[in-house]
Every structure is written in C-alpha cells, then in structure tokens.
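Asker: Here is what each chain is made of, one letter per residue.
Protein chains: 2
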Amino acid sequence: MAIKANLEIPLFIKVNQADNTAIIVNAGGLKEGIEFSCGLILTEFIPQGHKVALADIDTGEDIVRYGEVIGYAQSPIKKGAWIREALVVMPTPPNLDSLSMSTNVAIVSPLEKEYTFLGYRNSDGSAGTKNILGISTSVQCVAGVLDFAVKKIKQELLPSFPNVDDVIALTHNYGCGVAINAPDAVIPIRTIQNLAKHPNFGGEVMIIGLGCEKLVPQRLNDGKDDGNILSLQDENGFVNMIQSIVAMAKERLQNLNERQREVCPVSDLVIGVQCGGSDAFSGVTANPAVGYAADLLVSAGATVLFSEVTEVRDAIHLLTPRAATEEVGQALIREMKWYDDYLSRGEADRSANPSPGNKRGGLSNVVEKSLGSIVKSGTSPIVDVLAPGEKARKKGLVFAATPASDFVCGTLQLASGIHLQVFTTGRGTPYGLSIAPVIKVSTRNALQEQWHDLIDINAGKIATGEATIEDVGWEIFNDILEVASGTKKTWADKWGIHNDLALFNPSPVT
Amino acid sequence: MAIKANLEIPLFIKVNQADNTAIIVNAGGLKEGIEFSCGLILTEFIPQGHKVALADIDTGEDIVRYGEVIGYAQSPIKKGAWIREALVVMPTPPNLDSLSMSTNVAIVSPLEKEYTFLGYRNSDGSAGTKNILGISTSVQCVAGVLDFAVKKIKQELLPSFPNVDDVIALTHNYGCGVAINAPDAVIPIRTIQNLAKHPNFGGEVMIIGLGCEKLVPQRLNDGKDDGNILSLQDENGFVNMIQSIVAMAKERLQNLNERQREVCPVSDLVIGVQCGGSDAFSGVTANPAVGYAADLLVSAGATVLFSEVTEVRDAIHLLTPRAATEEVGQALIREMKWYDDYLSRGEADRSANPSPGNKRGGLSNVVEKSLGSIVKSGTSPIVDVLAPGEKARKKGLVFAATPASDFVCGTLQLASGIHLQVFTTGRGTPYGLSIAPVIKVSTRNALQEQWHDLIDINAGKIATGEATIEDVGWEIFNDILEVASGTKKTWADKWGIHNDLALFNPSPVT
Chain B
-15 MAIKANLEIP LFIKVNQADN TAIIVNAGGL KEGIEFSCGL ILTEFIPQGH
35 KVALADIDTG EDIVRYGEVI GYAQSPIKKG AWIREALVVM PTPPNLDSLS
85 MSTNVAIVSP LEKEYTFLGY RNSDGSAGTK NILGISTSVQ CVAGVLDFAV
135 KKIKQELLPS FPNVDDVIAL THNYGCGVAI NAPDAVIPIR TIQNLAKHPN
185 FGGEVMIIGL GCEKLVPQRL NDGKDDGNIL SLQDENGFVN MIQSIVAMAK
235 ERLQNLNERQ REVCPVSDLV IGVQCGGSDA FSGVTANPAV GYAADLLVSA
285 GATVLFSEVT EVRDAIHLLT PRAATEEVGQ ALIREMKWYD DYLSRGEADR
335 SANPSPGNKR GGLSNVVEKS LGSIVKSGTS PIVDVLAPGE KARKKGLVFA
385 ATPASDFVCG TLQLASGIHL QVFTTGRGTP YGLSIAPVIK VSTRNALQEQ
435 WHDLIDINAG KIATGEATIE DVGWEIFNDI LEVASGTKKT WADKWGIHND
485 LALFNPSPVT
Chain S
-15 MAIKANLEIP LFIKVNQADN TAIIVNAGGL KEGIEFSCGL ILTEFIPQGH
35 KVALADIDTG EDIVRYGEVI GYAQSPIKKG AWIREALVVM PTPPNLDSLS
85 MSTNVAIVSP LEKEYTFLGY RNSDGSAGTK NILGISTSVQ CVAGVLDFAV
135 KKIKQELLPS FPNVDDVIAL THNYGCGVAI NAPDAVIPIR TIQNLAKHPN
185 FGGEVMIIGL GCEKLVPQRL NDGKDDGNIL SLQDENGFVN MIQSIVAMAK
235 ERLQNLNERQ REVCPVSDLV IGVQCGGSDA FSGVTANPAV GYAADLLVSA
285 GATVLFSEVT EVRDAIHLLT PRAATEEVGQ ALIREMKWYD DYLSRGEADR
335 SANPSPGNKR GGLSNVVEKS LGSIVKSGTS PIVDVLAPGE KARKKGLVFA
385 ATPASDFVCG TLQLASGIHL QVFTTGRGTP YGLSIAPVIK VSTRNALQEQ
435 WHDLIDINAG KIATGEATIE DVGWEIFNDI LEVASGTKKT WADKWGIHND
485 LALFNPSPVT
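Residue numbers (the working numbering), protein chains in the order written: chain B, -15 to 494; chain S, -15 to 494.
There may be inaccurate statements among the hints.
Unchecked claim - Derived pair list, reagent style DSS-like, types lysine-lysine, alpha-carbon separation capped at 30 Å: (1) Lys136(S) x Lys472(B); (2) Lys472(B) x Lys379(B); (3) Lys97(S) x Lys473(S); (4) Lys138(S) x Lys478(B); (5) Lys136(B) x Lys234(S); (6) Lys135(B) x Lys478(S); (7) Lys472(B) x Lys343(B); (8) Lys472(S) x Lys136(S); (9) Lys234(B) x Lys62(S); (10) Lys136(B) x Lys472(S); (11) Lys136(S) x Lys181(S); (12) Lys138(B) x Lys136(S); (13) Lys478(S) x Lys135(S); (14) Lys234(S) x Lys208(B); (15) Lys138(S) x Lys135(B); (16) Lys234(S) x Lys135(B); (17) Lys136(B) x Lys15(B); (18) Lys472(B) x Lys135(S); (19) Lys181(B) x Lys(-2)(B); (20) Lys62(S) x Lys343(S); (21) Lys181(B) x Lys472(B); (22) Lys379(B) x Lys97(B).
Stated by the list, open to error - Each pair of labels, with its calculated beta carbon distance range: (23) Thr363(B) x Lys478(S): 57 to 63 Å; (24) Asn224(S) x Glu242(B): 55 to 61 Å; (25) His301(S) x Asp206(B): 41 to 47 Å.
What the hints assert, rightly or not - Taking beta-carbon pairs under 8 Å as the criterion, some of the chain S residues facing chain B (in silico): (26) Ser86; (27) Gln124; (28) Phe132; (29) Asp168; (30) Asn220; (31) Trp322; (32) Asn342; (33) Ala430; (34) Gln434; (35) Leu438; (36) His482.
Quick caveat, the hints were computed from the structure, so don't treat them as lab data.
The beta-carbon is built from N, C-alpha and C at its ideal position, and this holds for glycine as well.
Isolated chain B, as found in the complex (with noise of 0.2 Å):
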C-alpha cells in the first residue's frame, strides 16, 4: 500500500514520460499561481481531471498524453495553462488499411495459485453466477401481460423456491414492425437469441409469444416449437394467459429450485469489463485497475470481454499489435469498418463521443477518451472478435464490439454470455444489470464518498497515492470471486436497480 498523500499537496498525474500534459488530481481544482513540487506554475484555474500543459506547445504541434497524440495545440498554449477542449484539435483517426498487425503479443503465464468460484452448473457444461428464471419475449407486444404475470409470480410462487434468485422478464422493443430480413437485423435477433440462453438461466427455457409477430418465437428455441413457447394468440383471454404463463413458470422454478452452488474453476467465468461516465481520472486509476484484473483473469484462465467500438476506435493502432493472429486483426479492423459505415450512413461522426459530462471531467476528445478507455483490457493477447451479440466461444481476452452506450453495450454482452460486468465510472451512474451483477469502481475518492451506496470499488485512491493499480486490481478481481459466488451482493442487486434491456438495431423499423 503506498503512503497516504497529503491532499493539502498540489497533485498532477502524467502517465508517459512522452507527455506534454498532466490533469489535476485535487478535488475542486486548482488556482492560478499554484506552485507544483517540480517547479510548474499554473498561469490560470484549472478544474479538477482537466490538463495542465507541461511544457509551452505552438500551433499545431502536438499535445501528448499517455504517450499518444491526442489533438493538436488550435493556438499556442503556455506551459501551465488549461488545455481546453477547445485548444485541441483532433487528429484523423487511425487508417484501418496499414495497422501494424500481432507485432506486440504477451505471453499469458498463468497464476500461481488456481482460483475458484461458487457457481451453478449447468447441464450445457457451464456455469451460471445466479439462478434465475428468464422469461423471454420474441415481440414488445406481450410486454404487458407478462409484466402482470411476473410480479404474479415473484408475490406468489417465488417465495416458495429459496435457491431461485429472481424472475426476469427479457421485455425489449423488437420483435415486429421491423425490417427483419434486412442485413443488419441479424444484430437485434442474435441478441434476442442468445438472452434467451443466458448462462444464469440455469438451462431452462421460457419463451412468450403473441402469434403474429415477424420474429417467430420458434427463432429463440433453436428452431422448435415445444412446450417452452406460449403463444397469447392461443390463449383464450387474459385471465388464462396470466394463468397459463404462471403454471408454465412453476414447472421451472421447480428444477431451479434444486440446484446447489458448487466449486467451479474461474476459468468458467466470462467477465465484462465497461467504463460509463468517463472523466479524465478513468484512463490513470479505474480503468488501468480493471486492466491489471483482467490480466489475471485471463492469467486464471476466464474470458474478458472488452467492447465499445466508438471508445476503441481511435487507439486501435495500439490493439491490432495485440491480435493473437492475423484472422483476429482483421476482424478487429472489420469491426471498425462496419461502424464507420454505419456512423457515416447516419451523417454522424465520431465527435459525437464524448458526452458533455465527459468534458466537465476534462476530456478533450474521443482519442483521449479512446486512450483511457482501452487500458481496460489489460496487456493480454487478443483472441478472438465478436460481432455484436455473438456469444462467447473462446477463452482469453475477447474483443466483443458494441456501441459504447452503457446499456446497448450491458445487453449486448449479456448476449455474449458475461456472468458478471465491472463497470468503471467517474462522473457516476447508478447502472445495473438485472440477469448478471455490475460491480461499480469509481475514479475518484469524491464520487465514492458522495455515492457510498452505489459505489463498490474506489479506484480514486489510486491517485492520491494511498494504494496501486495493482492493489485496486487485485481488490477487484477478489471481488468478482466473492459476488459470482453469491457471497457478497453489488450494490446495484441490493437496492434491486437495473437498467432496461436495450437493443441494438441498426436495421429500419417499419
């Protein structure tokens, strides 16, 4: 544990010794005039995570940070000034046809002691961190009734089953009215698809239809129609659908009643990493934390899913190098390729991340943000690409690619099977997921304390120097053992907060 800094003390953080710039650690900022240990003095204000310029930099030349590039100087900035998003022009991002390709490829040694969870077991050979009923839905039409049905079941019948966690109704708004043979819609129904088979589940299926809709709810039961699928259309009326559904979900939560949790290796385990609310802080404690857990995930043998196309496409030179084989960089790079696409047919660009709240916390830009962003996935090889709500098939460090909306990219790698999701953040967000637990980490010692019933991990103290990335990194992958067992619950699971299940649909509603 490193010595308590003295928070009386003017602090900065410059990550690379590349760097032309350092932000502010001291919470409410810092004055002009303010006198640094190293000699710098500030020439004006300067906000809390926002940059201070280490050196005098001239019109168009570069500002650095994390040894990368992040925009050019509009005007010239004086050793000491704010740099200030408006100072920062952004350069192009990386081109997707001359990355250097698996030239930078660690070697994964596993740890020394071997690490386990307890979880269920699933017939299917995996292993769930909850045990829940799912109840899927193939169309928003059934929303309704089944919302009725499911607080029906959660009064009456769930208190009879002890072992089972909760009820959850898979409710989303795709289903009908969609354009559903157009190329992208393959997005919205895989993910529909593979919700369906969550790892959490336990194995059991249960799947509400209507009837009429375009995606036939056979499509979520890999092509049968057996008695996992109810139909309302075949119901006569709203009384026997409710009663229907609710003996359809006693049989099920019979089976999951019966299940135990039992030893399993972490190498069962598919964890999510994310970063939601981001601040200049997220790149220099969270997100480097979550990296080094990562990297011991990967080192016990898990999987990791990284995501967030929009925050990784601008530091992309700096993972086609980590690709595992060329196949896997060229998938990142089509990843890449179909976003870009997809943005431009919206006439959006990539300046439309990062959100205003990620500049009050002092990023510049996206290749700022981008920069912090990926230090979540740690120094393992990439091995494998998923398209948007594939599900996870190999283990290892995964680049899973999903918008960077905090709730489309929790669906989406929900789709892909996580078991559990870290979620750094440091302007704040009250997140959760309901089929798997968020363990929230904090960029900063102040959000922890002013959300002391949100927050799960402070990764603030790492940069007042009372602990380091690899303390944090450690408490979080400790963490992730104690709430996949059940032996601890987030925060968000005690207050019982979850976000909705949000789509990603790129194809037209018709």
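Dock chain S against the given chain B, drawing on the hints supplied.
Answerer: This is chain S only, laid out in the frame that chain B set:
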C-alpha cells in the same frame, strides 16, 4: 341493426363493384365444392379471411380488391380458386411525383348535437382524459433508480391522493451513447420533449436526469434549469436520491389531487387511430367502423390522427386527393419520400410488411394491407401532416407520420398529444398504453369471443350482418366519450397492462 346472418350459410365479402376477389367470412374456412347463393363454387379449401377469385384471372391480369389493383396474377387463377400469397405479384408503389392533389376534398358538416366529455382542464387550455403524475427521464441510466422510487411512491403516497390516476416513469432507451447531432436525432428528442408535456400530466413537470448525459434534461424543460429537474449526480447516494424523488413527487401529487373533471367539448380531444395484427377483415369491419367514428369526431370538431407510413405508402394516391391544401399534399409526399429513403438506407423495402400473422390472416401484401388500413381515416379532408413525434396543432383529420410498428406508433402518437387511441386488431394483441387509454376493436367475432376480457368493441358483427359499419362507428364514438370521461375503463386499463415506450430513433447509436 342488420338482420343476424345464419353462419351455416357460406358467405364472402366483396367490397367494391370492380373487385374480382372476395374474402371468405365463415370461421374455419370453406371446403372445396361449397356453392354460394350467387352460384360461385369453390375449387379448393379456402381459409377464413383469405381471398377467392370471383372470375378467371389470367397470368399478368389485375387482381382487384377495394376497387384497386392489389397485384397481378403470377399464373392463371380459376374462378372459385384460393388466391394464395404466392399467386400475387406486387405492383410497384405509386410514383410520388405524379399524384393528384386536393381533388377530392370532402366538406365536413358539423354534427346535429353537441357532444361533450368530462375532462381535466389544463392551464394552457388543453384538456386531459386522465390525471397522471408523469415523471420524465433524459436518459436510460436513471431508469433503475426511478423505477424503485415510483414503486415507493405508488405504495406509500398515491393512496393518499385519490384524484390522481397513476404515477408513470417515462423511461426509454435514449439520452446518451447516441449521435445527438445527427440529422434524424431530432425525432427521438422531440418525442421525449413532447411526451414530457402530455396533456394527461396536468401541466406538472418532473424530470429525472443523470448529470453527464448527452440529452441534457433542460431540453425537456424549455431550456430552463429549475425545480422541475433533479439530476442524480447532484444527490448524496441512493437513499438520498429516492428521498428527493419522493419529495418532488409529493408536491406534484398534491397539485394534481386538487383537480376535478369538468364538461369539455369533444373538440378538445385528440384521438389516435391505429391497427395491429391486421387480417383481411380489418379493411371491411373494424377499420371502416373506426373511419366512420373518425368522421364523427372530425364533424364534432375533434382532432383525429392516423399514421403508419408503410401502410399508407401504397395507397398514397388515394390520400393526396384528400389533402386540404397543396401544402398538406406536399407534406404527405415529403414523409413518404423520407421513409422510402430510410428503408433503402437500411437495405429494406416495403415487402418487409405484412407480418407472417397478417399473411395467415389472408393479407397477400402491403398493397392489400394498405388499402384496408387507410379506411381508418374515414373520408374527411387531411388538414395537416406531422413529422414523427411532432405535437398536433390543428383540429380535424391529421396524418401523423410514424412507423407501423404498434408500440412505436403508439409512443409517437402519445408525443403528438393523443388523449386516447382506438386500436383495431384481427389476429389479436393485448396492446395498451400507460399514458392514454386504448380502446381495442376486434375485426372478427371469433377474436372477441376468445379474448372476451381484452377486446373492448367487436366489429366482427359487421361481417356477419349483425351490425352495420354505422352502428359500430357510433358505438366506438360513444365509447370514446365514456372512456375519455373516466366513466368507463378499457380492458387494458382494468388489468393495468401497458406496453413500454418505444422510441423511433433512425439515427446512430454511438
């Protein structure tokens, strides 16, 4: 009232003198060899709602229903044969550059009697059909916290405010991780803005934001940052968030509870009409009855919105002549063109509609579906066209451009300010909206019998001769006044089953 038909007698419905097709009325369909009173003999089994050829139709010849060409014969069709979907070659859609304009503008005569309903008068002059606390959100991130708070408000506060009908969290999947400046982002944004000011919320505004989202909450509040907005990032943790939301709700519940219903003219009403889960009866029973009711409403001075671009596109040549002015006609064409382009960008086309259920119900293609769909609009002149999510601004019949997706159309019509929706269904859907009541009208007797506790009005009796279109039209009109007055509850409201808000977002997720 017409004489009740004996359903032992084989029946078909021919809509227009020029038609060479008719649909089979009898439940279960009719067998080969069955002879109708006119002498027509079926050459094969034909299911209920499906089309029979009334004459020999040679390859390439017109197949005519509603007096319009719904397709061309793929191969020779014999008189008495089943005109299956595969036999119908779809015609090209009407050319948008050569439509006749304002050539068929009906004159609207006021009704002899003045009709009223009991509504809640709002301070801006509008009226409401419910008295609801609507809590808006600027981003999905806050949904879990708000759902928790709303549960508490409904359990602990609402019983003390008996004049308030409901407390609704307007949660949605927008607000961050989106290309907020892309051209089409205007659609979801104005939808959320207009939903926040729905007339059933009595002028009470309450907005829950996060603090770092792209859709800043002030945009839902006329740009103002006042006591109507609560940002979770300003709160000290979860418990504090819930306390603040509950306190904010309590103030507004007190105001709403002081309101009483009063007599309002029908001209205060904005009524949406929509169809979902259509079948071949939709165009001859429920939709014409709704069209009759729409004419009554317009004659009484109300606003009626009809929608569903993809189900209007192929019948647009019947609508531009009804445009009250050239400007309205051009606006109709503008919305059709926008949608043509939107579908082509997504590599989809209009053949994506109808759904499998529509087809099982006898609808061959979107041309036939459209002809049956637009009759919901009645015969009045079209006085205005709304782009998706725009607020209604004129009395009379208005085309509100929306996708045909039931839940997306419902959400957009709510944004346009409907007080109540009339929804026709042939296959059956338990559809409902939380903000405004939905009166569900069945197209077939069998559906009403099967879903006796979900269908509010049965228009199927038109097919069997038990009632006329006028009878059911008046029944719908009177039901609208009762439901709008709160003296009658729709089935969906009785059970409390409602669909989620489903935004139309044609712009990219980032």
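Asker: Hey, does the Ser86(S) contact hint survive, CB to chain B under 8 Å?
Answerer: Where the cut-off is 8 Å and the nearest Cβ of chain B is about 29 Å from Ser86(S), the hint is violated.
Asker: Holds or violated: Lys136(S) with Lys472(B), Cα cutoff 30 Å?
Answerer: 26 Å, holds
Asker: How about Phe132(S): closest beta carbon in chain B under 8 Å, or not?
Answerer: Interface hint status for Phe132(S): holds (6 Å vs cutoff 8 Å).
Asker: Given the proposed pairing of Lys138(S) with Lys478(B), does the C-alpha separation stay at or below 30 Å?
Answerer: Given pair Lys138(S), Lys478(B) holds - Cα atoms ~21 Å apart, limit 30 Å.
Asker: Mind checking the alpha carbons of Lys472(B) and Lys135(S) for me, to see if they're no more than 30 Å apart?
Answerer: 25 Å, holds
Asker: Trp322(S) was flagged as interface toward chain B. Is the shortest Cβ-Cβ separation under 8 Å?
Answerer: Hint violated; Trp322(S) Cβ to chain B Cβ min 12 Å, cut 8 Å.
Asker: Against chain B, with CB atoms and a cut of 8 Å, does the hint on Asn342(S) hold up?
Answerer: 7 Å, holds
Asker: Taking 30 Å as the top limit, are the C-alpha atoms of Lys62(S) and Lys343(S) close enough?
Answerer: Holds: Lys62(S) and Lys343(S) sit about 21 Å apart, inside 30 Å.
Asker: Just to be careful, I want the Cα atoms of Lys234(B) and Lys62(S) compared with a cutoff of 30 Å; is the pair within it?
Answerer: Violated: Lys234(B) and Lys62(S) sit about 53 Å apart, past 30 Å.
Asker: If you take the shortest Cβ to Cβ gap from Asn220(S) to chain B, is it below 8 Å?
Answerer: With Cβ-Cβ at 6 Å, under 8 Å, it holds.
Asker: CA of Lys181(B) to CA of Lys472(B), is that 30 Å or under?
Answerer: 25 Å, holds
Asker: Are the Cα positions of Lys136(S) and Lys181(S) separated by 30 Å at most?
Answerer: Cα-Cα ~23 Å, so holds.
Of the numbered hints stated above, those contradicted by the structure are hints 7, 9, 14, 17, 19, 24, 26, 31, 33, listed in ascending order.
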